[in-house]
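A.B. asks: Given next are the chains, with one letter for each unit.
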Amino acid sequence: MAGQTDQLIKPGSGRGLLDVYADRFLLKLLVRKEIKVRYRGSVLGLLWSYVKPLVQFLIYFVALGVFLDLQRGTPNYAIYLFAGIVLVNFFTESLSNATRSIVDNRDLIRKIYLPRELFPVATVWVSAAHFFPQLLVLIGACLVVGWTPSIVQLAAVVLIFLMVAVLATGLGLLFGAMNVYFRDSENIVDMIVMVVTWASPVLYVWSMVERAMGPWFWIYQLNPMTVAVEVFHWAFWEPTLKAEQSVADAMPPELLTVWLPVSALITLAVLFLGQLTFRRLAVHFAQEL
Amino acid sequence: MTSHGQVAILCTDLRKQFVLRHTRSLKEALVWLVKGRKGDLSKKFLALKDVSLEVKQGETVALLGLNGSGKSTLLKLISGVLQPDGGTVLTRGRVAGLIEVGAGFHHDLSGRDNVYLNGAILGMTEQQIDEKFDAIVEFSEIGEFIDTEVKFYSSGMYLRLAFSIAVHTDPEVFLIDEILAVGDEPFQRKCIAKIKELADKGKTLFVVSHDLDLVATVCERGVLLEHGEVVMDGDVDAVVSELRRRSLSET
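Line by line, the protein sequences give chains A and B.
For the first sequence, the numbering used here assigns the number 1 to the initial residue and increments by one for each residue that follows.
For the second sequence, the numbering used here assigns the number 1001 to the initial residue and increments by one for each residue that follows.
Please keep in mind that the hints were generated in silico from the structure rather than gathered at the bench.
Keep in mind it's a predicted model, so treat the numbers as computed, not measured.
C-beta atoms are modelled at their ideal positions from N, C-alpha and C, and glycine is treated no differently.
Nothing false has been slipped in among the hints.
Incomplete in silico selection of chain A near chain B, CB under 10 Å: (1) Q7; (2) I9; (3) K10; (4) G12; (5) D23; (6) L26; (7) K28; (8) V37; (9) K111; (10) I112; (11) Y181; (12) I188; (13) F285; (14) Q287.
Calculated Cβ distances over 10 Å to all of chain B for the following chain A residues: (15) L154; (16) W198; (17) A212; (18) F217.
Some chain B residues near chain A, calculated using beta-carbon distances under 8 Å: (19) F1018; (20) V1089; (21) R1092; (22) V1095; (23) D1108; (24) L1109; (25) A1120; (26) T1125.
The shape of chain B in the complex, shown without the other chains:
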């Protein structure tokens, strides 16, 4: 895993600003326009300030930082859900997120329908899902309940199925946001083993998690974000201990 390939993710001077909008009706906006755009309709908040980052193919990167440091925003910019206000993001190959597993689930559909729907949402083709369907069901340990409507699943079953679909989407770049806390301990171990297996296969991993010990075992490189800026980038163990030092000094 020493020889990394081409650039997989390239962020240059990324800036993202959120508008905390006050108004949501046409009337208020019109009044504001008529009054000659006086005053500001909204408050602004800078979530990312000129973040530059380069991730090579096959690298496993942990994105660390306290709450509100801009981790999830950066992940959403890379996945394309959000667009930057400044700078550019470029990615190579298919990017898929294990972001909030189960976002595409529908409660009134059976597990089987949801596998197809969610798989397609995550960018799989019909053949890919057909091929991997059995593997997905097996990994999720759902078994015979696959034809039951998802609303009757226990929360563990639900998460297991969602995670199982996500890890079988097989993209080049994996974005993982706080989902390693899935299910009971045996299943969690299985998930981590699966993620490590992906890393060994040369997939690029980009992980956001507050579970620092876990992250340190999965990833090689760490990037520390603070108030929307990269403050440290290097070996994951060094970055983890730096984060621990900083969070201690803050309290």
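For reference, chain A alone in the conformation it holds in the complex:
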């Protein structure tokens, strides 16, 4: 955007996510503001982003692990559970905040032109800032029970983090833009958030789904979040299993060779679709808000 003083340009015509990259400084400030403001006036402050997932974890662990006795068939069920919860929380928090981000920032959008993609992208970064401490807790817990990951597994963690961030950004752009026109969008997202925890093998094991779905299991696997959670299990939970504990079918077949690339492609398609829709709708944000 800089150095074009000698050219006549059309105001308010951006290049979408590329402009967000060009405006990294503003993005950084927006993220920092959001983190500072989120827990303002609360005693525990940022600790809340540990307390909430911890309580959630305990509820699931007691109800499903102990009462329904899922921990019998799944050794180190606590690790299994927490790895999934942490990842799904990152996704759901990003998506629901990104969906509200445009409407929440209406005062700014109505008055000053900015690349509007900044707002959903910033919320995903904020969620990432809450995700990392939880990830550290997870790693700590894994190390306690004897975690020995390979380099490939560590690389997979990074890849999955990026994939979930991109997926949340893409969906956030889509629903965030739609939310300006139809506030129903928030409710649709609330529903997606509710479903996602149960539509991925966070609380149960994938083989239970395969038994129920039979030849239709591939539909279940088309959900990128399902694959993301399974890869997280492969990276965090599976390397903590001892020889006598190891489960025969810890991972679905062809997880890394087929499903991971398929999910990555779906994720990129979602991002593309989200950006396309966002650009179409963003033209009239200022007057519709």
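Model the placement of chain B on the given structure of chain A, informed by the hints.
C.D. replies: For chain B alone, coordinates are given in the frame of chain A:
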């Protein structure tokens, strides 16, 4: 200030139409689609009708008109917040608005954080803000309160800081919408002096204000809008007296 440079703002046949939407739920929109798009979902309102305008670099232009004549709409089209429904707007160089100062402020952040956030929102880089930070604080007369959260500021302090950031953003084209009524009289004088200083430096100013006397001292050229159309364009004093004549005859 007689030799003006290249074109800074070029508007050709600008048309802007607002939809006064009645519905805001998916259900109503679906029902409307299913019924074969019968009837109009919304009422339309034409805010600007074929406005053409050319502003040269270094010109100081006052945009005048009664309420609802389309002044703010035109300003928003130039800043890029709104997109035209017809015609084109072109601008040269960085355009920044002193439009509703403080729009980017957050009450729970300190003055210092807000200077950075608002500066970046108005298009400044990190180095530019670092360089001008002291000047911004000094101009705003906030002093030691710069590290206090903005919510504890008096409304005067708040506006002074916001205005101070805005005038230090240093764009080529300044859009100013009704913000000259900032703070008490000494500060107001300071603001006007600052704006005149910008004009003398060869910045393009595009001012919307209802304070006609003030506008006449800051600007050279006047453009009169009425019901979304340019009805007069010329020397600011002539345009101001024409507006006064028209508003008298309307009452």
